[in-house]
Every structure is written in C-alpha cells, then in structure tokens.
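> The lines below spell out each chain.
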Amino acid sequence: MTDLLYSEEEEALRAAVRDLLADHCDAPGVIARTESDTPHDLAAWKALTDGMGLAGLLVPEDKGGQGATHREVAVVLEELGRAVAPVPYLTSAVVATEALLACDADDLLAELGTGRKIGALAVALNIAPGGAYKVVRHENGALHGELTAIADAQAADVLLVPADDGGLYAVDASAATVTPQISFDLTRPLATVMLDGAQGRLLGDAEAAVHRALRAGAGLLASEQFGLAEWTLTETVRYLKERKQFNRPVGGFQALKHRLAQLWLEVVNLRAAARNAADALATGEDADVAVAVAQAYAASVAVHAAEEALQLHAGIGMTWEHPVHLYLKRAKSDSIAYGTAGVHRARLAELVDLQAP
Amino acid sequence: MTDAAELQRRTAELLAAHPPASTDRFDFLKARFDAGLAWVHYPEGLGGLNAPRSLQAVVDAELEAAGAPDNDPRRNGIGLGMAAPTILKYGTEEQKQRYLRPLWVGEEVWCQLFSEPGAGSDLAALGTRAVREGDDWVVNGQKVWTSGAHNSRWAILIARTDPDVPKHAGITYFICDMTDPGVDVRPLRQITGEAEFNEVFLTDVRIPDSRRLGAIGDGWRVAQTTLNNERVAIGGMRLPREGGMIGPVSKTWRERPELRTQDLHQRLLKLWVDSEVARLTAERLRQQLVAGQPGPEGAGMKLAFARLNQEISGLEVELRGEEGLLYDDWTMRRPELVDFTGRDAGYRYLRSKGNSIEGGTSEVLLNIVAERVLGLPAEPRTDKDVAWKDLAR
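Residue numbers (our numbering), protein chains in the order written: chain A, 276 to 632; chain B, 548 to 940.
The hints are simulated quantities; they were obtained by calculation from the structure and are not laboratory data.
Treat the hints with care, as some may be off.
Stated by the list, open to error - Straight-line distance between alpha carbons at most 30 Å, and here's what the computed BS3-like set of lysine-lysine pairs gives: (1) B:Lys577 to B:Lys636; (2) A:Lys519 to B:Lys577; (3) B:Lys817 to A:Lys607.
All of these numbers come straight from a predicted model, not from anything done at the bench.
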C-alpha cells in the first residue's frame with residue numbers, strides 16, 4: 276500500500292515554501308500583477324529556484340538536480356495552490372522537466388533544474404495524457420506552424436515543440452512569436468506560439484515524452500487543486516466565524532454548517548487521492564489508475580470549494596479586491612487542464628475493465 | 548517492550564500447546580486470551596500484553612496461517628467494538644475480570660440499550676428510569692433499534708437516575724443481564740422484511756449496584772467512550788480496491804454486458820472513483836492511527852460510506868432491469884448478523900438506507916464535523932440548564 280502521510284522532511288519543506296510565499300505572494304500583490312505586463316512573479320520564482328532549488332526536485336542528482344520525488348513536488352504544489360502563485364512551476368519544473376527526462380537532453384535538464392531557464396511544453400493545456408495533440412510542420416530542418424493555449428509560454432526561455440515527423444524539438448523562445456491570449460485563469464496565463472521557419476534541436480521521440488509529461492502534470496495537478504480547495508475552505512470557515520447576521524455568527528446556522536462539513540469531507544478525500552497519485556508517480560506502481568482517479572475526483576472538489584467560498588462570502592466574494600475570484604478562476608481552469616474529469620473517467624473505464632456499453 | 552518477534556514467539560508457543568486441529572474452539576480461544584494474544588494492546592491478564600495496537604496484525608496473520616479458529620468478530624461487534632473499550636476504561640477490576648474474557652471469545656454476545664422512541668439523535672433526553680432500592684437499581688422503560696438483542700447475554704444500558712438535574716447530568720451507565728425477569732425482547736420487523744433490530748421493554752428489572760459502570764450521574768461521559776469507539780470501528784477497516792459495496796456492482800457490470808447503458812456507465816464510473824477515494828481516505832486514517840496521530844477523518848468516513856452504499860446499491864437495482872423488479876426473500880427472520888453481500892441488490896439497497904441513520908444520523912455527524920473539526924459555533928440551545936423533568940416532551 277502506498278504511503279499516504281507526509282514525512283517530517285516534507286512538512287519542513289511545506290513550512291519553508293509557505294513562509295516564502297507569504298513574503299512574495301500576498302493576495303493584493305497577485306491581483307495587482309494580473310493587470311500588469313508581467314503576469315508571472317519572477318522574483319518569487321527566483322526565490323523558489325535559486326534560493327531553495329525547487330525546480331530541480333525531479334532531476335536526478337547526477338544530472339544536476341535535487342534527486343527528490345513526486346511526493347516532495349506535490350507538497351510544493353499544495354502550497355503554490357494555496358497561494359494561487361503565478362509561477363511556472365507545474366509547467367516548467369514538472370511537465371517540461373518530465374518531457375526532458377524521457378529524452379536524452381541532459382544539458383537542458385540541468386538548466387531547467389536550476390531554474391535559470393524556464394521551459395514550456397508546447398501542447399495545449401487541456402490535453403490529457405494519451406490525448407491527441409497538435410504538432411507543427413518539420414520541413415528542411417525548420418519548424419512551421421501555430422500552437423495555441425500554451426501555459427506559461429510567455430515566461431519560457433525554451434519551448435518543447437512536437438513536430439509532424441514524430442520528434443520533440445527544443446526551440447529558443449526568441450526564435451518564436453509568443454502572443455499572450457486573454458486567459459480565464461489570470462495566474463496561469465496562456466499564449467499562442469507561432470513558428471515561422473524556427474530552428475529546433477531534436478530531443479527525442481515526442482509521443483513518449485509528451486505522454487510522460489502530461490501524466491505527471493495531471494497527477495500532480497491534484498495536489499495543487501487540493502491546496503487551493505483547502506485554502507478556500509479554511510478562509511471561508513474563518514470568515515463565517517467572524518461575520519455576524521441576525522445577532523449571531525453566520526457560521527452557527529446549521530444550513531451553512533452542513534455545507535461546510537460536506538466540503539471538508541470532499542477536501543479530506545481529495546488529500547488522500549492526491550497523496551496516492553504523488554506516491555504512485557514516485558514508485559511507478561499503479562500510476563495510471565492513481566492519476567486517473569485523482570483527476571476524476573479533484574476538479575469537482577476544487578471548483579465546488581471555490582464556488583462555495585464565493586457564495587458564503589456573499590457580496591464581498593463578488594468583488595475584484597477579494598482574492599476568491601483568483602481561486603475560482605484557477606479551479607475552473609484546472610478542471611480542464613491535463614484532461615477533464617470525464618476524460619479521466621473514460622480512461623479509467625479501460626484501466627479497471629468497466630467497459631462502455 | 549513487546550515487539551513483533553516476541554509476539555511471534557508467544558504465538559508459536561500457543562499453537563504448540565493447543566494444536567488447533569485437536570483443540571475445542573472455545574478452549575483454543577480461551578487459551579489465546581490467557582496468553583495475551585486476543586487484543587495485544589489490552590493490559591496483561593485481560594487478553595493483552597500492553598503492546599502497540601498495530602502489532603495485532605502480526606498475531607492474526609500467524610494464527611490464520613495455522614488454521615486457528617477466530618472469535619467470529621462480526622457476531623459480537625457491539626461487544627468487541629463498544630462494550631469492551633468502555634469496560635476497560637470505566638470498569639472495576641472485578642468487572643473487567645468477569646466480562647472481558649467471555650466477551651472476547653464470543654461465548655457471551657452483547658447488545659446496546661441506548662436509543663429510545665423519544666431519544667435518538669437527542670440521546671441524552673432518554674426517559675428509562677433507574678431507581679435505587681437497597682443494593683439494587685429498579686429499571687423501567689423502553690429501548691428501541693437494539694441490534695442483536697435476541698442473541699445477547701448482556702447489554703450496556705444507560706438510564707435516568709436523577710430527573711431533577713439537566714438531562715446530561717442525571718444519567719447512569721449499567722450492565723444489564725438480558726436473561727433477567729422483566730427484560731422483554733420483541734422483534735422489530737424492518738423494511739428488508741427481516742428483524743435484525745428489536746424493541747426491548749424493561750419492567751421492574753433489578754440490576755445490582757455492582758453492575759454499575761462509572762459513577763452515579765456520570766453515565767453520559769461513560770457513554771461518550773462507547774459512542775466514539777462506535778465511529779472508530781467504522782473508520783479503521785482496511786479494504787482492498789473494490790472491497791466495499793462497489794465490488795458486486797462492478798462484477799455485475801463486467802459479467803452482464805447486455806445490461807449496460809450509457810447513463811449508468813457514467814454514474815458507475817463516478818461512484819467507482821468516489822469509492823476508491825473513500826477507501827484511500829480510510830487507509831490514510833488507518834496509517835495515521837498506526838503512526839500515533841489519530842485524525843478527525845473518522846466522523847467523515849461514516850458519512851462517506853453511508854452515501855456511497857446507498858447510491859451504489861440503488862444503481863445496481865436499476866442496472867438489473869427486470870430482475871430489479873424482484874426481491875430475493877421477504878421471509879421474516881431474526882438473523883445473527885447482517886450479511887450485506889450475501890444477498891441481492893434489492894436487499895442491499897433497502898438495508899443501506901439505515902447506514903445514514905444508525906450510529907448517529909448523517910445530520911448529527913455533519914454537526915459534529917462542523918463544530919469539533921471546523922470549530923463553527925453550536926446552535927443556540929434552550930435545554931442546557933433545565934431539569935430533565937421540566938423539558939417539553
């Protein structure tokens with residue numbers, strides 16, 4: 276059976292990341308940044324990567340990384356989810372890094388592992404592991420085509436681009452035209468990537484690399500969703516203990532208590548599912564089922580938690596100044612990222628032999 | 548310190564002295580109890596060795612491999628899961644010596660005389676009276692939903708001993724002899740057709756004061772031990788994937804492709820995921836208990852399994868189509884234990900409706916989570932400082 280608890284080292288890591296984010300990513304700062312020209316918080320990114328070496332957790336020590344596992348990465352993502360931090364951690368330190376781990380690209384892996392370079396896999400954010408993705412044309416040694424909904428491409432130094440010859444290519448971001456799209460989730464912005472004869476370096480076979488990258492992304496996204504859901508529940512409980520109507524705290528009304536207790540149960544369940552997925556990715560055992568279960572469960576919980584937070588904060592929840600909207604936008608966007616719950620359920624039907632009619 | 552190796556040595560000794568193949572079942576179980584291998588975390592002399600609770604699995608595995616008889620824990624769930632921990636915590640030395648051994652070996656089955664027609668979710672409102680007469684208490688009243696009373700030798704009983712104080716303060720906890728005159732057990736036929744529960748009428752039942760558990764008037768606090776253990780018993784199970792109610796319906800789905808529909812497929816997959824996640828949460832709770840960090844998830848597990856059992860069994864009735872219009876057997880019986888998976892989907896559907904009522908309704912459990920886990924304020928109460936006799940009924 277998988278280990279579903281947190282080790283002492285993991286708890287220490289959590290405390291360190293939470294402290295750092297408290298200094299760098301307070302809610303007013305994140306809201307202000309969403310309306311600036313630099314939606315990504317590169318100072319926070321530098322503190323997480325230069326200061327703590329977190330971009331290299333999945334990179335083996337002999338390749339210049341920390342040699343940790345998906346369990347530690349999951350703890351980092353829980354905290355990033357709690358803060359809806361606008362840093363390209365999931366996209367660069369998890370998804371792009373996993374793609375490189377599947378290829379023979381040690382130099383690039385080491386650069387991503389230090390965090391000095393940011394990588395982005397040029398596959399649309401909604402694609403599930405095993406799903407069909409768009410490729411660019413490879414012609415006379417140059418790449419041509421347009422890719423859309425590429426998460427964090429605006430912050431990336433290097434793009435990992437799948438081409439129609441079956442290869443995965445590394446393209447310097449300066450050789451591509453990256454145009455921001457207006458994203459529903461303001462803290463994980465999307466962009467289009469246009470390649471017009473860009474030079475790329477062949478890294479390896481795209482299909483295996485993309486599959487591995489998206490599976491890890493989907494499985495660890497559940498930890499981000501858990502962190503997000505836990506934060507919204509905690510904040511809502513805190514608010515309902517303070518807010519008074521009809522001469523008593525709103526949180527004392529049974530109709531609201533039952534809703535919050537139900538939500539607590541969902542959040543507790545999501546923690547177990549997310550922990551299980553992280554542990555399974557780390558050991559490689561039962562990982563396909565564990566990831567599909569976590570993603571089939573996580574989206575509805577995170578969205579429900581954010582929606583309840585908005586409703587129970589009532590008027591203030593509808594404002595731009597209160598951060599609940601950032602959480603709702605992230606949660607809803609996460610419910611599509613790396614495959615919807617329905618797509619993961621369909622995958623599960625095959626994996627556990629519960630075939631469609 | 549008793550470690551795994553020491554327990555293995557003691558288990559081997561027990562097996563050598565009492566070969567399971569040639570030893571009477573009860574004799575073997577008594578010897579196991581006396582060797583401290585019944586529940587290893589209990590004190591020495593009371594079936595245990597003061598060992599860590601997690602090491603019980605070591606003993607159980609060795610004995611199962613040797614083909615030793617078990618104490619049929621399902622038959623005496625209330626005795627093992629609720630009466631025993633309460634007796635251990637509040638009983639006198641004499642009471643522990645008298646009751647725990649026959650309870651554990653299963654010679655004596657226990658039931659729980661708590662709920663009443665007017666005191667379910669508001670259990671502390673109970674009206675069964677116990678009046679002191681010399682060395683005895685004379686008990687009068689009616690209990691209800693008493694599982695297994697028809698098979699039980701003993702009952703844990705809470706009764707009102709002082710009506711002049713607020714309801715929580717005037718209750719005392721007793722051990723009731725179910726064979727005494729004045730104890731009348733009547734089957735209560737249920738929605739499933741069978742009578743697993745009973746009504747129990749108590750008329751001038753005399754209980755000696757030596758069968759009181761805890762102090763006079765302290766019964767509510769003693770009962771909390773029983774009720775907390777009731778919830779822990781539900782959360783501590785270790786199940787394999789598809790080990791719960793989702794197992795039979797998944798099997799039906801695989802074996803009967805002609806029954807499948809698109810709509811049911813989506814619902815089945817959602818419930819399969821929910822079941823797997825609830826199983827992982829229960830496993831996480833178990834790992835926390837073993838690591839000595841009990842979490843509050845236990846109250847939530849009962850809520851989750853109640854909902855899942857009801858939705859899954861309901862789905863299987865629909866899946867079966869024409870067969871779902873039928874039922875396996877409406878015969879009125881008084882079973883020794885409830886066997887969920889040994890009967891048809893229709894029975895499972897009807898019986899699981901009780902999962903959100905028995906052992907605390909889902910509504911009460913949600914209040915417990917909201918108040919004790921999330922720290923939300925309690926509802927205003929009008930009964931706190933009022934003598935029980937002055938409460939509206």
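> Would you mind marking each hint as holding or not holding in the structure?
For each hint, the structure was consulted:
1. B:Lys577 to B:Lys636: holds (22 Å)
2. A:Lys519 to B:Lys577: violated (60 Å)
3. B:Lys817 to A:Lys607: holds (19 Å)
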